[in-house]
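J.: Listed below are the residues making up each chain.
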Amino acid sequence: MMATQDLAASADPARVLAVLSDGLGAGGGIARYGTDLLRALQASERVASTRVVARHGADGVRGRRLSQRVAAGGRAGFALALGAERGRRYDAVVCGHLNLLPAALAVSRDAPVWLLTYGIEAWRPRRRWAARALERVALVTAISRDTRRRLLQWSAIAPERVRVLPPTVSPDLTPGPADSRLAAALGLGRRRVLLTVGRLDPAERYKGHDRVIGALPALVAAGHDCAYLVVGEGGDRARLEAVARAAGVAERVVFAGHVDDGRLADHYRLADVFVMPSTGEGFGIVFLEAVACGCRVVGLDAAGARDALRDGALGALVAGDDLVPTLAAVLTAPPDPETARRRRDAMLAAFGPAVFAAEVDAMLDRLRGEAAPSPTRPEPAHRGVGIRRPEPMS
Amino acid sequence: MCGLAGIFAYHPAAPPPAPLEVARIRDAMARRGPHGQGLHVADDGRLQLGHRRLAIVDPSPAGDQPMTDPGGTVVIAHVGEIYNRRRLAAELEAAGTRLRGSSDTEVLLHLYLAHGEGMLERLRGMFAFAIWDGRSQRLLLARDPYGIKPLYYADDGWTLRFATQARALVDTGAVSAARDPAGQAGFLLLGSVPEPFTLYRDVRALPAGSAMWVDRHGPRPPRTWSRLADAVAEAEALAASAPPPAEEARARMREALLDSVRHHLESDRPVGVFLSAGVDSGALLGLATEVAGHSLDAFTVRFPELAGAPEDETAGAARTAARYGARHHVVEIGASQAGRALDQALAAMDQPTIDGLNTWLVADAARDHGLHVALSGTGGDELLGGYPAFRSVPARRRWLALAALIPGLGVTARELLRRLPLQRLGVSPKAAGLAELGGDWAGGWLLARGLFMPWELPALLGREAAREGLDRLRPLTLVRSVLGAGPDGGPRTDFGRVAVLESSLYLRHQLLRDADWAGMDRGVEVRVPLVDPVLLRAVVPLLARAPLGSGKRWLAAAARPALEPALAAAPKTGFTVPMAAWLAGVARDRLGAWRSMPELARPGCHWARRLAWAIHAEGLAAPPGVALGRAG
Numbered sequence: 001m002m003a004t005q006d007l008a009a010s011a012d013p014a015r016v017l018a019v020l021s022d023g024l025g026a027g028g029g030i031a032r033y034g035t036d037l038l039r040a041l042q043a044s045e046r047v048a049s050t051r052v053v054a055r056h057g058a059d060g061v062r063g064r065r066l067s068q069r070v071a072a073g074g075r076a077g078f079a080l081a082l083g084a085e086r087g088r089r090y091d092a093v094v095c096g097h098l099n100l101l102p103a104a105l106a107v108s109r110d111a112p113v114w115l116l117t118y119g120i121e122a123w124r125p126r127r128r129w130a131a132r133a134l135e136r137v138a139l140v141t142a143i144s145r146d147t148r149r150r151l152l153q154w155s156a157i158a159p160e161r162v163r164v165l166p167p168t169v170s171p172d173l174t175p176g177p178a179d180s181r182l183a184a185a186l187g188l189g190r191r192r193v194l195l196t197v198g199r200l201d202p203a204e205r206y207k208g209h210d211r212v213i214g215a216l217p218a219l220v221a222a223g224h225d226c227a228y229l230v231v232g233e234g235g236d237r238a239r240l241e242a243v244a245r246a247a248g249v250a251e252r253v254v255f256a257g258h259v260d261d262g263r264l265a266d267h268y269r270l271a272d273v274f275v276m277p278s279t280g281e282g283f284g285i286v287f288l289e290a291v292a293c294g295c296r297v298v299g300l301d302a303a304g305a306r307d308a309l310r311d312g313a314l315g316a317l318v319a320g321d322d323l324v325p326t327l328a329a330v331l332t333a334p335p336d337p338e339t340a341r342r343r344r345d346a347m348l349a350a351f352g353p354a355v356f357a358a359e360v361d362a363m364l365d366r367l368r369g370e371a372a373p374s375p376t377r378p379e380p381a382h383r384g385v386g387i388r389r390p391e392p393m394s
Numbered sequence: 001m002c003g004l005a006g007i008f009a010y011h012p013a014a015p016p017p018a019p020l021e022v023a024r025i026r027d028a029m030a031r032r033g034p035h036g037q038g039l040h041v042a043d044d045g046r047l048q049l050g051h052r053r054l055a056i057v058d059p060s061p062a063g064d065q066p067m068t069d070p071g072g073t074v075v076i077a078h079v080g081e082i083y084n085r086r087r088l089a090a091e092l093e094a095a096g097t098r099l100r101g102s103s104d105t106e107v108l109l110h111l112y113l114a115h116g117e118g119m120l121e122r123l124r125g126m127f128a129f130a131i132w133d134g135r136s137q138r139l140l141l142a143r144d145p146y147g148i149k150p151l152y153y154a155d156d157g158w159t160l161r162f163a164t165q166a167r168a169l170v171d172t173g174a175v176s177a178a179r180d181p182a183g184q185a186g187f188l189l190l191g192s193v194p195e196p197f198t199l200y201r202d203v204r205a206l207p208a209g210s211a212m213w214v215d216r217h218g219p220r221p222p223r224t225w226s227r228l229a230d231a232v233a234e235a236e237a238l239a240a241s242a243p244p245p246a247e248e249a250r251a252r253m254r255e256a257l258l259d260s261v262r263h264h265l266e267s268d269r270p271v272g273v274f275l276s277a278g279v280d281s282g283a284l285l286g287l288a289t290e291v292a293g294h295s296l297d298a299f300t301v302r303f304p305e306l307a308g309a310p311e312d313e314t315a316g317a318a319r320t321a322a323r324y325g326a327r328h329h330v331v332e333i334g335a336s337q338a339g340r341a342l343d344q345a346l347a348a349m350d351q352p353t354i355d356g357l358n359t360w361l362v363a364d365a366a367r368d369h370g371l372h373v374a375l376s377g378t379g380g381d382e383l384l385g386g387y388p389a390f391r392s393v394p395a396r397r398r399w400l401a402l403a404a405l406i407p408g409l410g411v412t413a414r415e416l417l418r419r420l421p422l423q424r425l426g427v428s429p430k431a432a433g434l435a436e437l438g439g440d441w442a443g444g445w446l447l448a449r450g451l452f453m454p455w456e457l458p459a460l461l462g463r464e465a466a467r468e469g470l471d472r473l474r475p476l477t478l479v480r481s482v483l484g485a486g487p488d489g490g491p492r493t494d495f496g497r498v499a500v501l502e503s504s505l506y507l508r509h510q511l512l513r514d515a516d517w518a519g520m521d522r523g524v525e526v527r528v529p530l531v532d533p534v535l536l537r538a539v540v541p542l543l544a545r546a547p548l549g550s551g552k553r554w555l556a557a558a559a560r561p562a563l564e565p566a567l568a569a570a571p572k573t574g575f576t577v578p579m580a581a582w583l584a585g586v587a588r589d590r591l592g593a594w595r596s597m598p599e600l601a602r603p604g605c606h607w608a609r610r611l612a613w614a615i616h617a618e619g620l621a622a623p624p625g626v627a628l629g630r631a632g
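Protein chains in written order, with the numbering used here: chain A, 1 to 394; chain B, 1 to 632.
Quick caveat, the hints were computed from the structure, so don't treat them as lab data.
Be aware that one or more of the hints could be misleading.
Quick look at which bits of chain B chain A covers, simulated, 3 or more residues with Cβ under 8 Å [to be verified]:
1) 11 to 17
2) 266 to 276
3) 470 to 481
Interface residues of chain B toward chain A, partial, derived using beta-carbon atoms under 10 Å [said to hold, decoys possible]:
4) D69
5) R135
6) S176
7) R201
8) D202
9) H217
The beta carbon of each residue, even a glycine, is placed where N, CA and C say it ideally should be.
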């Protein structure tokens, strides 16, 4: 057995500092991932206590072995809140965003730092300070293989330090009968339902609502009496409503707005197919939720969706041109509860809470068992390469 | 020698690999194992191991791989040879282990069962292996201290794929063939791709002397279990302040050499010798003949282009062969043979390299005579101080240490000197970096061994690709890292430092890697008795403080009879291929890209710079459809 593993196994439970953008009580996919991580830390026998310092969320949350401070006052307030932690000794620091990494490193002292990465923030080359800071991190987890691959393209961090930690899904999300009153309230009638759950953010148009709206006329023309249920709110809604009107399908596109977690399963259960033809998902946790609720799922064969749908084992991964025929085929096929159940079981075996908790424990072992890397400096022999104009060899 | 391949879908979310995927990776290396093939698939399908076998020791089915332990839970696929297998087998049997056959693979398997990862310290040989431990659901990958046998892996975060050759991983399409700018930059700087980088962004080399565990949560960072710098430093510490008397040193060296040769002759198939006119292969032939007790087959390559030149090996090699009673086979490589050899060798190349053709040609000759095992004198210059760098690097460092202390002087001098037509003046373009790099061990070595210098890369690769490549590669940090951690670690003598630099970089990344792919393409296992940690530990105390040149003289004298004095005293030679002439002649069409680069086309340019650029630009050593051409 390697020495590092011995060290990890013998370590006392760790005092963990979590430096997060979105803490407990914040909204959105990153917050949900962070919440699942904090709950896993709280439940882990490897963790003595978790102190959360976050920019967003509910201030003053306290639980068994966990406390959270949400800093008011913007960046300055956050820096002050973190500064207050410098006097305390932590065994490990979890950093929730690449932008917070310098702060996390500053407050970590000698404790190893674990950085969480999600999607586009880690996909493109960052400024040199970020690349250098990344090399001082003991462990990076990427939410998907795609995010890991893209991060390694611009960073010199050792690949073995970059692991994949997919999100998990609540066991409360289960299949069930469609709520006919909800369907009626949403005006879906007896139409077949296509569903997307996701923020309507102008910066996140890659999620592909436009593509689904664009597919509706062809589906209707092919004899599918279907509606498109859009769950989620955001600044792009008005534009999408206009797109639906322009495509002549406005009465088939239903914007349900924001839906609380407690009512989410009911909306998934209305769907004949969950579709999110996104080109830019870090992972796409809503795919897991859809499978958990027994939906048939269609995504694009791109980015993190490949992970969420396990390379096609949990749902269809299609090229953009194949979206209409794939949706048509799914709508034509009768529902198959047995296949849905098997897919749900397979999904939980891959991404269930128990798997997530075991992965978090393994990451903690790794974090504490391995020394933080020593930073290396730029080399004089190529300093300036890329800034100076290249000269021909002649 | 063989080839191994494997897939471990370690993450719970990873779909099991397709049933035949590992067989495809394995069979992309079919030439490495003409004598057999095997496959092991774990019950849950998440672990697959494949193996192609070149049977040298225990050719019976008892040596087939992957091999499973009697309990059916531990499986091994192994490449290489364990030279102390007899002693290890005896120890195992004395402890109650029953061995089914006499293969070294079975010994490895039982050593793992007995000692776990601690087995590595007991091994003497060249090896790369994968052991799947079904009890703990963990995989162990390991490589020998010098890195004689390669092992590459690609980890996508859910699934690990690994193989003896990098190209086997990308040829099957499961791993991206996208280029790594660090690998490209490393190749142009050094003539071979320095590990852990490879030509491919998603493929890494397991570093020499390292072991890596992979469990359900993925690979751990590789752990270095044997570092040449440490071995040399320990051996230096054993040396007395004054070197032993020459007579005693000669005797101790002869014993150590005989011991290494004896181990390297362990084979159930005949063993030949690659013979040049140089000291290393000549003395090796003498020592091997003495140990074997009978005549050996020796192989030399002759090129018409070198006839009458000092680089023509044939006359000297013939005299050495006659001296030791060898059956000498001289193969003439004319223009048509050269063209065929170039085509085949370039097609077989695993990663880009400017060397290896000589090994390919002489291995081809050995195979034509039915041999599957041959000794090579590779490593003698690194072990015994045979390269000019043993003088030049320490000397420059002394002269230029002061310059290195003046901030900005080196960079300023470089930029001024680059504007001079150095090459037209008969000076290497590398000389521009003398003040900048020469005062430092790593920089001095880079100056001595480099083909191109870092500041030349933007013109070759494009500005962005060069910046990205150098930023990831960090060539000086990489070179410095092999000397050991910190000022108190690593070797302390000039000899020790240069020996470590040459052995850990040039020998490992160029000569040994080339001996592997080139030999295996011809189905010949190349053994290197002068690349042996036991020999290293015996020799360094003798040479660390001895006058340079002593090692080669003592090697020449170690054979009985001693190597012919005229050959022992001749300037260094060794398996020279007339590449300069070929680039202008027979290789003109295949490797002509350098002609479009004015700096390279100019008279006086070293052939190695032309060849490196041609291999890079022509997209050689890459799977079909992947162009390596100029980026950015």
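J.: Against each hint, give a clear statement of whether it holds in the structure.
T.: Results of checking the hints against the structure:
Coverage of the segment 11 to 17 of chain B by chain A holds. Counting CB-CB distances below 8 Å, 4 residues qualify, and the rule asks for three or more. Counting residues of the segment 266 to 276 of chain B whose CB lies closer than 8 Å to any CB of chain A gives 0, which falls below the minimum of 3, so the coverage claim is violated. Chain A is given as covering the segment 470 to 481 of chain B, and this holds because 7 residues of the stretch bring a CB closer than 8 Å to a CB of that chain, at least three being needed. For D69 of chain B, the shortest C-beta to C-beta distance to chain A is roughly 18 Å, which exceeds 10 Å, and the interface hint is violated.
At its closest, the beta carbon of R135 of chain B sits 12 Å from a beta carbon of chain A; the interface hint therefore is violated under the 10 Å criterion. Proximity of S176 of chain B to chain A holds as hinted, the smallest CB-CB distance being about 8 Å (cut-off 10 Å). Satisfaction of the interface hint for R201 of chain B is found here, the shortest Cβ-Cβ separation to chain A being roughly 7 Å, below the 10 Å cut-off. Contact between D202 of chain B and chain A, as hinted, is supported at the beta carbon level, the nearest pair being about 7 Å apart and thus within 10 Å.
Interface hint status for H217 of chain B: upheld, as the beta-carbon distance to the closest one in chain A is roughly 4 Å, under 10 Å.
Violated hints for the displayed structure, listed by number in ascending order: 2, 4, 5.
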